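Chains as they are written, first to last, in the working numbering: chain V, 1 to 261; chain G, 1001 to 1261.
Simulated from the structure, these hints should not be mistaken for laboratory data. Be aware that a few hints might be false.
[What the hints assert, rightly or not] Far from chain G, some chain V residues (derived; all Cβ distances over 12 Å): (1) ALA62; (2) THR82; (3) LYS116; (4) VAL139; (5) GLY148; (6) ASN149; (7) ASP244; (8) HIS247; (9) THR253; (10) THR255.
[As the list claims (entries may be wrong)] Pairs of lysine-lysine residues, derived as DSS-like cross-links and limited to a Cα-Cα distance of at most 30 Å, are as follows: (11) V/LYS112 / G/LYS1215; (12) V/LYS215 / G/LYS1116; (13) G/LYS1112 / V/LYS215; (14) V/LYS116 / G/LYS1116.
These figures come from a predicted structure and were not determined experimentally. C-beta: ideal position from N, C-alpha, C; glycine also.
There are 2 protein chains.
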Amino acid sequence: MPMNSASEKIVRAAALVIGDEILSGRTADRNIVEIARMCTDGGIVLHEVRIIGDDMDEIITALNALRHAHDYVFTTGGIGPTHDDITAEAVARAFGVPLEHRQEAADRIAEKFGRKVLTPGGLRMARIPRGADLIDNPVSGAPGFRIGNVFVMAGVPEIMRAMLHGIAPTLAGGTRLESRTVPVGVGESTIATDLAAVQERFPDVSIGSYPLMGKQGVLTEVVLRCGDVNMLENATRAVQQVVDACHERRGITLTSETRTQ
Amino acid sequence: MPMNSASEKIVRAAALVIGDEILSGRTADRNIVEIARMCTDGGIVLHEVRIIGDDMDEIITALNALRHAHDYVFTTGGIGPTHDDITAEAVARAFGVPLEHRQEAADRIAEKFGRKVLTPGGLRMARIPRGADLIDNPVSGAPGFRIGNVFVMAGVPEIMRAMLHGIAPTLAGGTRLESRTVPVGVGESTIATDLAAVQERFPDVSIGSYPLMGKQGVLTEVVLRCGDVNMLENATRAVQQVVDACHERRGITLTSETRTQ
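Assemble the whole structure, with the sequences as input and the hints as a guide.
Following this line, the structure appears as structure tokens:
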């Protein structure tokens, strides 16, 4: 749900997860939620995520589609030392610049590995698109890079998180969406009509309703999000009234115990 | 990496994950890996995944792009009882058919809830695009549906898994890709050159190299995938020789202990 009041600045991002191992089900992605949380914390709207395989044409096509439609693009995966790591080359091609040896990247890898002469695999990771800035990798040395509005990061979650931590302060966010959560002791069907009425009264507040499994059956969490804190508080009070009335009708007292999954 | 030998039939699928809560980082997706594994087990290549928000135009655009380019599309999320659940309506619009009350869906919901008169929320979940087949929901009653090559499922992981289990036997898979995994006691840089040479000898085998953190540092798993088992075995032997030689040079004996994360 877009929020477009005049005082708000919307900064939009996309994530591009690259890796055959995610699509085959061999590996469960753990990076998307980290990128999503960094965006939310920084006032950036993560607008779309795509997961694609290690395929040159697919990466170029997806990256060009996403980078022209968003303020930032974050990619993960495919910047390691082996033949199937083709992301750096694909990014260079997408931007129409050469992929070339970057001595600073080689030095960082050599330092981490404690050797002066890099293996061919190490040298592969020192190939960086011309004009890109390096992204620090405190875990294993081999850097990611930023080119234009695209941040290219590793797929290994420990390394990706470290890189993300490094780039987060460099991003220019927009209006930060504040959020409030209202717990509900019944399934969402029961409050659906009242909730829809609150949403109509507050069209600029995004009101989401999410089921969760409680010990005694299905419960609900209502999550409200808005850049305007006053409006958010008013909408939250309206939802809370709906929920309190429902609880009272049904004699429900909500405790943390009730909500434990 | 596509595999196109004449005897192979490639069946391709996409997944479309729908939900603001995934993009905000409130919820970590747990469905993609389940869909990916079902596809791999059934001889279906999961080719692309997209995650988008609960937005009518975005859902219609993404769904139409994906369903025309793939044999199957699996969607998750947005078929609950509240105002923010708009997937069923978006799918109906994408297919150009009316979204209408389906008595059989209402009956299944009523039976599960143990009541004859449905709430407005319950009735909302009984709205199904004309011509769609219902997908059974043994967990909470409210069905998903299949229309054309699109399978529309719930976002709650427990329900999604049950629906997936139901539809899996109805899918026509292609040639099943067999896979072999070769564990390696060193980081992937060390074997990168030899591995690339094996890949050149076996262009129809997809050879992926994945780092993992071991107790004493970074290890590697090499995963080979191919529809032709003989070719796969030959390539696996070639990789194993490379790895054995590397282990011998470095005096490494690989045990399950070494590999424990």
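These are the hints, each one checked on the structure:
The beta carbon of V/ALA62 sits about 8 Å from the closest Cβ of chain G, which is not more than 12 Å, so the claim that it is off the interface is violated. Remark: the non-interface label on V/THR82 conflicts with the geometry, its nearest Cβ contact in chain G lying 4 Å away (cut-off 12 Å). Consistency note on V/LYS116: stated as away from chain G, and its beta-carbon is indeed over 12 Å from all of that chain's, at 15 Å minimum. Against chain G, the non-interface label of V/VAL139 is violated: not every CB pair exceeds 12 Å, the least being about 9 Å.
Every beta carbon of chain G lies more than 12 Å from that of V/GLY148, the smallest distance being close to 22 Å; the non-interface claim holds. Every CB of chain G is more than 12 Å from the CB of V/ASN149 (nearest about 18 Å), matching its label as outside the interface. Non-interface status of V/ASP244 relative to chain G is upheld: no Cβ of that chain comes within 12 Å, the nearest being about 18 Å off. Its beta-carbon lying about 16 Å from the closest one in chain G, V/HIS247 satisfies the requirement of being farther than 12 Å from that chain.
Its beta-carbon lying about 22 Å from the closest one in chain G, V/THR253 satisfies the requirement of being farther than 12 Å from that chain. Even its closest Cβ contact with chain G, about 22 Å, leaves V/THR255 beyond 12 Å, as expected for a residue assigned away from the interface. Taking the CA atoms of V/LYS112 and G/LYS1215, the gap is near 18 Å; set against the 30 Å cutoff, the hint holds. Only pairs whose Cα atoms come within 30 Å are accepted, and V/LYS215 paired with G/LYS1116 is accepted, the gap being roughly 25 Å.
At most 30 Å may separate the alpha-carbon atoms for a hinted pair to count; G/LYS1112 and V/LYS215 meet this at roughly 18 Å. Taking the CA atoms of V/LYS116 and G/LYS1116, the gap is near 76 Å; set against the 30 Å cutoff, the hint is violated.
Consistency note: the structure conflicts with the earlier hints numbered 1, 2, 4 and 14.
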